[in-house]
Structures are given as C-alpha cells and as structure tokens.
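Trainee: Just so you know, the protein sequences line up as chains A and B, in that order.
Counting in our numbering, the first sequence runs from 873 upward without gaps.
Counting in our numbering, the second sequence runs from 873 upward without gaps.
By construction, these hints were calculated from the structure, which means they are not laboratory data.
There's no promise every hint is true.
It does not matter which identical chain is meant; a pair holds if it fits inside one copy or across any two.
As the list claims (entries may be wrong) - Distance condition first, Cα-Cα at most 20 Å in a straight line; then the derived DMTMM-like pairs of lysine to aspartate or glutamate:
1. Lys1427 - Glu1470
2. Lys1200 - Asp1219
3. Lys1096 - Asp1207
4. Lys1200 - Glu877
5. Lys1087 - Asp1056
6. Lys1426 - Asp892
Every value quoted in this text rests on a predicted model; they were computed, and no experiment measured them.
2 protein chains.
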Amino acid sequence: MVEYEAPLRDYDFLFNEVFDVTPTIKRLGYDFDEDFLSMLAEGWADHAKEVWLPINQLGDRVGLKFENGEITMPQEFKDAYKQGIEGGWFSTSTKPEHGGMGAPIFFQSVIWGEIATATNMAMSVLPALTLGVYDVLNEHGDQVLVDYFSSNLAQGHWAGTMCLTEPHAGTDLGIISSKAIPQDDGSYRVTGTKIFITYGEHDMTENIVHLVLAKTPGSPEGTKGITMFLVPKYLPKDWKSGDLDGLSHDLMQEHNGVTCAGSEEKMGIHASPTCVMNFDNSVGWRVGDLHTGMKLMFQMMNQERLATGIMGLGLAEIAYQNSLAWAKDRRQGRDLRGPKDPKEPADNILVHPDVRRMLLEAKVNNEGCRALAAWTGILLDQMHSDDPDEVEYASSLVALFTPIVKAHFTDVACETASTCMQVMGGAGYCTEYAVEQFYRDVRISKIWEGTNGVQALDLAGRKITQNMGKNLRHLMWPLTEFIEENRDIPEMLEFNKPLHQGVRGLQQLTLLMIAEGQANPHFLAAGATDYCRYFGNVLLAYMWAKMAKKAMEKKGDPFYDAKIASARFFFKRIYPETVSLAAKIQSGHKSVMEYPTEMF
Amino acid sequence: MVEYEAPLRDYDFLFNEVFDVTPTIKRLGYDFDEDFLSMLAEGWADHAKEVWLPINQLGDRVGLKFENGEITMPQEFKDAYKQGIEGGWFSTSTKPEHGGMGAPIFFQSVIWGEIATATNMAMSVLPALTLGVYDVLNEHGDQVLVDYFSSNLAQGHWAGTMCLTEPHAGTDLGIISSKAIPQDDGSYRVTGTKIFITYGEHDMTENIVHLVLAKTPGSPEGTKGITMFLVPKYLPKDWKSGDLDGLSHDLMQEHNGVTCAGSEEKMGIHASPTCVMNFDNSVGWRVGDLHTGMKLMFQMMNQERLATGIMGLGLAEIAYQNSLAWAKDRRQGRDLRGPKDPKEPADNILVHPDVRRMLLEAKVNNEGCRALAAWTGILLDQMHSDDPDEVEYASSLVALFTPIVKAHFTDVACETASTCMQVMGGAGYCTEYAVEQFYRDVRISKIWEGTNGVQALDLAGRKITQNMGKNLRHLMWPLTEFIEENRDIPEMLEFNKPLHQGVRGLQQLTLLMIAEGQANPHFLAAGATDYCRYFGNVLLAYMWAKMAKKAMEKKGDPFYDAKIASARFFFKRIYPETVSLAAKIQSGHKSVMEYPTEMF
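Chain A with its partners taken away, still in its complex shape (with noise of 0.2 Å):
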C-alpha cells in the first residue's frame, strides 16, 4: 500500500497566504480564484491518487514492450491517460480556444507537477512534454501549423517530444548532424538519428509530433546553425505537398519516414520510453526562423527544466510519505531518556533523534523547495504581464532560478528519497515498499534536460552576469527588504541574521566567481556545482524566513507551529553547509586542473 496525500494545506499556506495571488492572477487578467483553484488542485489530486498512484509499481514492474519499432504500453496506462484526457487533465493550462482550461501557469508547472510526478513519473511526462510543445508551437509556429495541431495537443489527443540528442551530441548539441533539406512546397525533408527521446514512440494517443533539431544545407557550423522543425509521426491523410491548411485530422497509416530502433533499458521510469528515433526523409515543417533552433528549443528546455526540479520535490515528497508511515508503525528500541511506551515491547522509532533528524531533513528540504516552486510558478505567469517593468522583473527571476530549481531541487531530492530509504532499514531497500522505486526513478532528474553540472555551469557562467548582472538585482531587491524590514523584529532574528550573512556571502562569492573567472574560466567552472548549491540554500533561507514570518501571525495553531519549527530546522541542521561550500568555492581551480589527467 502506497501512502500518498497531495500537499494542498502546504500550496493553500503558500499561494495564498506566503504570496497571496489572488491580486496578481486578478491583475493578469485570469478569471480564476483563490476558491476555484483550490477545487481544482483537490479534483486533480483525486484523479491522481485515484488513477495514476495504483498503476505507479506496475509501470515499473511491467514496463513497456518494444517489438518491430513499435512501443506498446501497460493497458492500465492506456486506460489511464484517456480518462485524463477525458477529465480535462492534461488542459488545465491550455488555452480556451483549443479546448484548455487556460488555468495559471503556476497551476500548471507546481501544483499539477508535483502531484503528477509523485504519483506516477513515469506517466507524467507525456502530458509535459506534450504541454511544451504546444507552448512553442504557439509562441514561435506558423499560423497553418498552430492551427492544425494546437487543439490535439491542447488536449493530450497526439504527444508531443523534444529531439535534440544524437549518439555523438549531448550536452554539446553544436555538434549535430541532422539534416532538413527545404523543399519546393516550403516543407524540409528531416533525416537523422535522436537518441534518449522520451516518449519518442508509444500507443497513448494516435499521433506524435517531435520537435527535431536538424541543419539545413550550407548552415553556420555549431549551435548558431540550428534550427527546429514539427515533423509528426503521421502525416494527414489527405496531404500531398505543401501545407497543411484545412487538411483533415484523419492520418495516413504509413509513418512518416520516424522510426523508433529501441528503447533503452534504464534503472527507473521503466514505463516511460527512451526512444532511439530515425528520421529517414520524414516530412517537417520549419517553427520560427532559420538559425533559431537553440533558442526555441531553450525555451521548452526551460520549461522541462523547471518540470524536472518539481519532479524532484514530488518524488522527494511521496519517498517523505512513505517513509513516515512505516516510522509511525515502526517499534524498536527505547527513547534514550526512558521509555515513551512502557507498555509496549518497545518505543516507536520517532522517538530516536537521528530518525527525526533524518525525517526533518526530507520534509524541511521539501517544503522549501515547493515555496521556492510557487514564487517561480507566479513568476512564469508574471512573464506574461501586460507591464514592461513586470515582464523584466519575473524573467530576470526566472532566469536565475531556473537552474536552480533543476539542480538543487533534484540534488536534494535524491539525498532525500536516499534518506527516507534509510529510516525504513531492510525494508526500503525491499520492493515491496515504493521507496526502492522513487530512489531509481528520481535518479534520472539530475541528469534530465542538462545534467546539474550544466545546469550550474548556466547559472555561475551566464546567469549571474546576463543582463549586466540585472539578474542578481532584481532578486537582491526584495531579498535586502525582507532583511531591513525584519532586522528589529526579536523573533525573527534567528533566521534573518543567518539569511543576511548567507545573502552577503552569496555576493562575496559572486564576485569573486566573476572576478577569478574573468581571469580564467576554469576557477568559475571548478566552483559552479557548489556556488550553484550555495545560492539555492540562500533562496530556501529565504523561503523559510518567509514561512516563519507568515506562521508567527497564527502562532499557537499547530500547522503554523510546525512551519516556525521546520524553519529553526533549515537554518540549524541544514543551512550550515553553505560554510563548506563558500571554503569549497574559494579554494579554487588548482587541485582540480592540475591534477595529471595521464593519472586519472
């Protein structure tokens, strides 16, 4: 029996009350409430529960069939993802005139996906994926191609995937060799080979469309001569050339010309595919401009980016779960200063420090990263204010935070599904309990979508400095507020002087990286992991001296009591590790580079 509550108390504390939105959602024109939200976190995480959570051990147990190209997945899931569609759950965010619910980003990218992720992974990344296609699709697509795939994608009826990946070409993608070569009725012919394309092929909806990354024939050499294209799986049944203008929503029965030659076996997310995928002359149409290819890509990367993070703090939180129940029934041993049980054999676990040390750790971590999760949530809806002003605030926050979300947010919840496995002893290391599953499948979010060291190379490299640094000012504005206006408070001292010397750290630190690295780039890059690391324990100090303000105006009620706790936790037991970072960072390069490569 799989425990799993979704966190709706947390997200009502946080969006309403942490960082109230219901003003800004008014004010970016959504006709959504604080009460009509609510409902719809709580239907979502009834259908989750109800339907993704039961099948969540067969998808691992069974996994999926690949024979003669083609990848068949567990019935169950099948059944699953059509009353998804069914319910309207994958169109939550969508817009109205696709059949969408055109609900808040923030819904959509925090609330949907942590539930989603921690009920069922491996499943909850065809809606994903399928929702960052139709974003650019939307943003960057000719009008005939938004036109024609907009409301099946809108509604999770065809899959959307994001090939980039070749057998020679990871994280370093201007070394690509597809190719797109424009034919005379302004389609291209797309051939090439893409590897780890998730949901690259099933049988969950009747059509997929890939965005491919390729090159066109005399393009600049590297990234700058990327550009993307929408190449389906099917092509419509009525096409003969040319676009797709008022062609039919019926498909051919050949593929077209896409291939699936395998699906790799992995250490987790065994229902979710990991396509090698073949282009061989398959029919696609160009999105946006020639040579704009990284940039769009690295917008849905962005957005898949900032899913992955959540995806941590959803498998982190259903391990936390896990493990807290089996805690609760668990009797071994006495509590140290005399027995809380007298009349049982023996006291129940809780008892033992270094048990709620370790149960702390997970649900203090957790809850940090989910406040983290809604400010960036409202900051993506905030992206799209009518206000100039507003629109460079939230993306300058975003920017930053992206890499944060995705590497911290999914360092921690490995360390965190690792910690919740240790509570439970023999037993999470067992099958029978799901903690064994979430360790191996939230193995694969920091490697996801630009392994952590990427992600952290993206932060210290380009973040911090992009924009003339503007980056790092819109974020240290409200941060120096929120440490003036808290200063005199006597109650709150114990978590502001700490967030004040870990924001003035952080400034330290960051000058030194732009400083050294400047002089080389190779002490910016020895650092990043652990600047990166540094800079996400400052934004959940931050988060948690929040909470702990928000919670002392309702001290005495236990919920509020519990948030005043967690925080003495983070800033006591966790916190801490920002001194071995800053001494880590500061040592610099040498012991790295100069140790002799011929001796690895």
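Once you've looked at the hints, dock chain B against the given chain A.
Mentor: Quick look at chain B alone, frame taken from chain A:
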C-alpha cells in the same frame, strides 16, 4: 564491456610503503612475505576478473529463483563458486589444519574483500559470511562442533549465515522471540522466524550452517537473555541424538526443520538471496555460553561491518573505473581556455573542471578509504599478537574504526556511485553500462549489519567513552606524533595544518558530545551521524597526509606526484565539509527534538 583492474599498485604502496607491513607480519608469526602476498593478490585479482566479473551483470538480470521453499542460483554462479573452491580462493585466511592457507587477516579482509565486492558483490557475500561463521565457531564453539564443521566451512564446501533479525525485531534484538529448548542429549530444538537472512537458502553448497540467536526458557529479558545456536540445514545422515563426534559428512535428505518461506524482491544484489527462514523444532547446538549470544554475534557482526565498509569501497572503485573509461572516450564541448584537440569536433570531457571535480571526488575518497582499510586490516592481525599491549592497542583502534569504516565508507561510496553515474549523463542511467547496477547494489551497504545511524550511535555513544576513553587516546597518540613530526616541514604544511585543525576540532566535539550527552543523551544522538562523518574525514585526512609524506620521498615519479595532487584535492575540496558538520553538531538537539511529533 565492464572495466575493472584491481588496485594492486595501490595495495603495494599502502601495505609495503605507507604501512611497511612485512616486519609486522613476520613478528606476528606469519610465514608470508611481500612477494608471496603480491602474487596471491594478483592471482585473486585474475580469478575475480576472469570468473566473477563476467557474470555480475547476468546475476543482476537473472537473479535467483525461489520455488517450493528452494532457491536456485544461476548455473553460472554455481560454476564460478566451484572454481573458487578449487582455486582455494575462499580459504586464504582459514587455518591450515582445516585446509586453509592461513594468510594474514588483512589480505582477506581488505584485498580479497575489495576485489570480491567490486567484481561481484552478490556472490562475495557467501564466502564472507561463511568465513564469519567459521571464525566465531573456532573461537567459541565446543571442540566437537569445531571438528565437525570447520573443514567444510574453511574451504567453502558448506556455507554459513547469521540469523538475527525477526519481523518485529531488527535494530532492537532485545525483543526477539525465537526459542531454543534444551534436550537431554545436550542439543537444542530451535523454533522461530528470521528475516533478511542473506544466503539463508541456496544451492551453491551442500549444506548451510546457520548461527541463530534465540532465547532459552527462563532467560532474562532483553539482549542479556540471548544465546547463539548452530543450526545446520541438513544433519549428518547417521545422527540420531547427542553430539556430532565422529559422524560422517554425508547428510540426511530431509531438512532439519529449516525452511525458506521466501526471498525478498530487492532494488539490487539480485543474485544474493535475502530469505525469510523458518526454524521449526530444528536441531541445534549451543555456541558459547548461555546468554552470550549478543557478544558472540557481535564478534561476527563487527567482522561483517568492516566487510560491508570495504564492500562500499569495492563498488565505489569499480563505479569510478567505468565512469572514467566513459569520460576518456566521450567528446563534448571545448576546454573553456581554448580547444585542446582542435582537429576533433569536440574535446574530451576531462577538460571540464566539473567533470574532473567529480572524478577526483570519487578517486580521492576511494584511495583515502583504501588507506584506512589497509591500516584497519593490519590492526586486525595485530589483535592476535602475543604482546598484550599490542592487542590492547589494536583492539582499541579496531573498536573505534569499525563503525567509521562501516558508515563513512558506505555513505561516501553511495555518493561516489551517484557521482560516477553523473559523469556519464544519460548513459549512466542505462542498464547497458554497469554503473547503474553498482548504484543499486551499493545502496544496501548503508543498511546492512546495522544502519549507518546505528553505527554513528555506536561510535558516539559507546566507542569514544569505552574503556575510560582509551580507544580515543590510542588514536591520538600516533596522530599527535605525526602532526608534531611534520610541524616544521614546509612542504607538509598544506596537509599538516588542516589535519591539526581537524584533530583539535575532533577533540573539542568529542568533549562537547560527552559533556552535553551526559546531561541529555538526545544531544549526543542528534549529533552522532555528523560526528561520525567528521571523524571519518579526520581519519582520511590523516591517511592523506601520511600518503603525501611517503610520496614526497619519490617526487618526480608520476604515481607519487599523483598521490600528492590527490592529497591536495582532498584537503581543498572534500575536507572542508568538516566545518559544516561541526556547526550542525554544535547546534544541538533542540531543533530535532522540539519539532511537534504529531506534525510530521
């Protein structure tokens, strides 16, 4: 293709140069010299690489088969095991009178153990457990039991297990309910259910010898009332009652009331059975005195704890070697200071500081742990000295090091396996490359033989105060001497100074833990895990300073220069975590214990 080369060069450096083991083993009366031990290590490395390694992935994929109470192992495992017996590879350290080779314990526990677990962890546990049973039996068993069982155990013809855990009693053995009823003929009838019994049932050997903890009628409550019994799966054919004196080694066809009720499905070590064992009025014989079961089992347990720590090292080493092989082949991106291989489309990923950081973290932690393992292995031999002072010194250090080797090595090993997977990106997550198996397999090592939290409590709550603090004093003596010796050697400053700081920090933290722990044991328990990790880091710091010192004698030779560079990396990029650990310990127990239990 899985890569593995046993670290023979490193063993040579450690045993012969850093610890100069030959005079010690001569003094202890072993008839072994440096050359013979090198040959033995080479022979074992060849056997493990040729026989064990090629079937390791098969073991993971095929696993074991449980049917009608019997476990069938893959035929390849049975063949390999037989070859191991024939080669004498399971009897290197057992006594010559039982057909063993009588090699020094360090050979078996460190060199044999690391290579065995690296090449085939699932297989390695069988001979390791058997040896544990052999040793306990020989030290504490009645002569008639020793005579009957030893030769078959010593050579691996029969296997051994330790049966402690029951469904309701894992860490808390005081509440076990297995019973042993004394019989008139001097034997016992043992009844009870034991879970998580590694190799509790299998078809690798003709017989399985279980050491079972149980309670005799009227024995005291708790761990004080526990006695150890030897219960074979099969009794001798000609046994009717009484003891085993002079009986043949031909066995009955019927089980001795010992049945396997199932084997757990686990995340890893699929070819290592984890059994539910039922003893139903099984014939057994007492090992050692009544009510000494815990003490005796702990002797075996301590041996297995060290073995588990070294298993962590073995898996971390093979994970490192395979991620390194990948990294050497993989070309992505360019050196940030300009292309290294301009003729290639991309540079090798070893140019990237963050990739080097990951590989060095793995390598340097592995080599540091190996050094501490080597020292511990030699101390195990010294425990058998004729000189009571040497025995006391060695026993004290082994008592202190056991929880650290178990917990620190395995914590670090799990992190290392993850780091190595990360180096490989998506490939690391795929089954095709074996690192994902190592990642799953190694995870049990944090749980086995007492979770790492239990190890930390053993260290902080028992080992540092045991014998009036003598354990710690025996460590401080060589540490202080080393620091003094190197105080004025300029090239040692970069290692000696932080080592000195760490040792002082350790002393202060120890005093804090003892003082505060007396007032409130929760303080001690809340800080135990961080304290254990701090201690582990200080010991590795000592090892690295010692290795650097030795390496300086041969500066200019690439092997020794790499050791100095590794020591530098350790002090710059790993050791600084001690600062955070100290802060967490000092923050005390309140943030852990005052969180309201009902709000978890």
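Trainee: Each hint needs a verdict: does it hold in this structure or not?
Mentor: For each hint, the structure was consulted:
1. Lys1427 - Glu1470: between (61 Å within a copy, 16 Å between copies)
2. Lys1200 - Asp1219: Answer is within: at 10 Å inside a copy they meet the 20 Å cutoff, but 52 Å across does not.
3. Lys1096 - Asp1207: between (63 Å within a copy, 19 Å between copies)
4. Lys1200 - Glu877: Result: close within a single copy only, 16 Å intra versus 46 Å inter.
5. Lys1087 - Asp1056: Close inside one copy (17 Å), not across copies (88 Å); limit 20 Å.
6. Lys1426 - Asp892: So Lys1426 and Asp892 pass the 20 Å test inside one copy only (16 Å; across, 66 Å).
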